[in-house]
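Chemist: Based on these hints, arrange chain B on the given structure of chain A.
There are 2 protein chains.
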Amino acid sequence: MENVKVIFWGLGAMGSGMAKDILLNKQGISIVGAIGQNPAKIGKDLGEVLGLERNLGVIVSDKPEQVLKDTEADIVLHSTQSFTKDVFPEISLIVKSGKNVITIAEEMSAPQVETPDLADKLDKLAQENKVTILGTGVNPGFVLDTLILTMSGACQVVNKIWAARINDLSPFGPTVMKTQGVGTTVAEFEAGVKSGAIVGHIGFRQSIYLIAKSLGWELDEVVETREPLVTSVYRETPHVKVQPGMVAGCRHIARGYKNGQEIITLEHPQQIHPELEGVKTGDYVVIEGTPTIKFSDEQEIPGGIGTMAAAVNMIPQVINAPAGLLTMPELPVISALAGDIRKKIKR
Amino acid sequence: MENVKVIFWGLGAMGSGMAKDILLNKQGISIVGAIGQNPAKIGKDLGEVLGLERNLGVIVSDKPEQVLKDTEADIVLHSTQSFTKDVFPEISLIVKSGKNVITIAEEMSAPQVETPDLADKLDKLAQENKVTILGTGVNPGFVLDTLILTMSGACQVVNKIWAARINDLSPFGPTVMKTQGVGTTVAEFEAGVKSGAIVGHIGFRQSIYLIAKSLGWELDEVVETREPLVTSVYRETPHVKVQPGMVAGCRHIARGYKNGQEIITLEHPQQIHPELEGVKTGDYVVIEGTPTIKFSDEQEIPGGIGTMAAAVNMIPQVINAPAGLLTMPELPVISALAGDIRKKIKR
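Protein chains in written order, with the numbering used here: chain A, 784 to 1130; chain B, 784 to 1130.
The shape of chain A in the complex, shown without the other chains (with noise of 0.2 Å):
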């Protein structure tokens, strides 16, 4: 059997990530294409591009269209955006050249929640194409719905789920700092999330549509709330200093209800340094039900690797999937891949 052939499109560090991934640790599968938009990529092998000591004979080019259309290929794996509305445009250019597609665009792990009519449009025209998409990633994806999901499954009755994701940002740069809101004042936080300026996470909705979806939960409202993590010790980054009184970053929670009842809670406090105040980071599952299952790790999943692994390990499953748009519930169970991906391909 030949090799799965893999176009990248979106060479940021996710995208370039998961093609070193392909490259160094996957058997069975080659990277035939790369989508890119940074000027400095383009036209340069995807070798020279990732820092490798070889090259691939892949050109980064700025032409999807093109590059879509002379490549044969089974499947796209896209990092471009987060949101359904922004990458709408490009996975129906890759649906319709008749590949499927994985993408790490937050809101299309569940893009029923935002723009069920985009949901739509893209379920169609991967039916017409006979090809899937998928939206994953380490959360929303993983951690905060699919791998409860699955602990749910020893479960008689679930009353009530929370999960907390608790992590820290002191490794990140400038932006993620802005969007968290780290190193403001409490009224700068409040005027950057009434503005926009500061999101918290993006992926909660999709989480909890998918945990109530794959439950059979029937829910009356999803309500968010982003409040400030003011610190009572001074903390510093590289890139930002945080006196005591002021904003270390966002505790961002989302509450799902069912008949006037908070069914399902989760939790994703970002903070730079949280163990200058006893805070220790992890992702905890606690499932109220018959039994009461409590899962915790000691360590978070890193956000970063596990978005790649996520979605490279998502290739078999995806390529065997019926036509249509899919979510990580719907498709056989993740696992690492460490053998030879053909082997896991029905064709």
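A portion of the hints provided could be inaccurate.
Identical copies go unnamed one by one, so any copy, or any two together, can satisfy a pair.
Heads up, simulated PhoX-like pairs for lysine-lysine below, C-alpha to C-alpha not over 20 Å straight-line [stated by the list, open to error]:
(1) Lys1077 x Lys1063
(2) Lys943 x Lys1077
(3) Lys879 x Lys1077
(4) Lys1126 x Lys1041
(5) Lys907 x Lys1129
(6) Lys1129 x Lys852
(7) Lys913 x Lys1129
(8) Lys961 x Lys846
(9) Lys907 x Lys868
(10) Lys1129 x Lys788
(11) Lys1077 x Lys868
Hints were generated in silico from the structure; no laboratory data involved.
All values derive from a computational prediction rather than experimental measurement.
Modeler: Same frame as chain A, but now just chain B:
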């Protein structure tokens, strides 16, 4: 849409518990037949047999052929015995009647391991009759395979998997004490392991097969060891008294090797009152790789409830699946069923 129709074959603790779960907790599903073997139950209404206040209009029968022939149903929940060779005739009968089947027979979680010929026959039979066969349960089927695989979904590289399921046998009866060697001397324990009277856990080879197959690892061999858990303190339950120096349980370990390296280690030490020597029960997973992922729960998922839940929760996935003999990782993500099951069925 009509309710999903299920027949029960096997009305022991597991079968009865699954039937009660369906009657008390599930929506959109009806029990339409019941096959038992205990003379005290035959000819009685299933409601009476389950200790409910009401009759269900389903009479427990000891004539499987007749029930399967006369009763229209979507699926049979099967819980009679543990080994594929023993349940093969029963599952064949179900499949020939044109019904899907979920069985909790431990070996059926991956019948390819011990009985590849029977697995082939079942797969062909299922395809001929356009139905799906699945073996599942808490373990094998969930904790030490499906759950580990799901967690590995966030890994780019997996080097080694270690997992342990540490539980407390204190609530169990005399049969379990015997099959785990509780209350024996070390010499008796070793003789019991040799004769096959002390079995430990059934399902390690199946779990390791599912992990290796899904990840793409080809293993050289799987080695199982059963060691006596010798107590240094007095332990007792209503069924057994264990003096210091005697055996309080069985430490059953399975190791999978690849290129001579131990790459999968699954441990399942089962004993009475582990807390008396400071042993904490729980489910523990460590996936060494990029990234390393470590999850644990505060208390192990209870075996009985977990098995009943896993089997019932997979009903929609099995009804929706393509025909054939399938395993848990090949099917969409397991999750609890909290709403109307019919909404999950694709007709």
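Chemist: All the hints need checking, so say for each whether the structure fits it.
Modeler: Evaluation of the provided hints:
1. Lys1077 x Lys1063: both (17 Å within a copy, 15 Å between copies)
2. Lys943 x Lys1077: Only inside one copy: Lys943 and Lys1077 sit 12 Å apart there, 24 Å across copies, limit 20 Å.
3. Lys879 x Lys1077: neither (44 Å within a copy, 41 Å between copies)
4. Lys1126 x Lys1041: For Lys1126 and Lys1041, the Cα distance is within 20 Å only across copies (18 Å; inside one copy 43 Å).
5. Lys907 x Lys1129: between (23 Å within a copy, 17 Å between copies)
6. Lys1129 x Lys852: neither (24 Å within a copy, 34 Å between copies)
7. Lys913 x Lys1129: both (15 Å within a copy, 19 Å between copies)
8. Lys961 x Lys846: Result: close neither inside a copy nor across copies, 32 Å intra and 70 Å inter.
9. Lys907 x Lys868: So Lys907 and Lys868 pass the 20 Å test inside one copy only (16 Å; across, 46 Å).
10. Lys1129 x Lys788: within (15 Å within a copy, 31 Å between copies)
11. Lys1077 x Lys868: neither (37 Å within a copy, 36 Å between copies)
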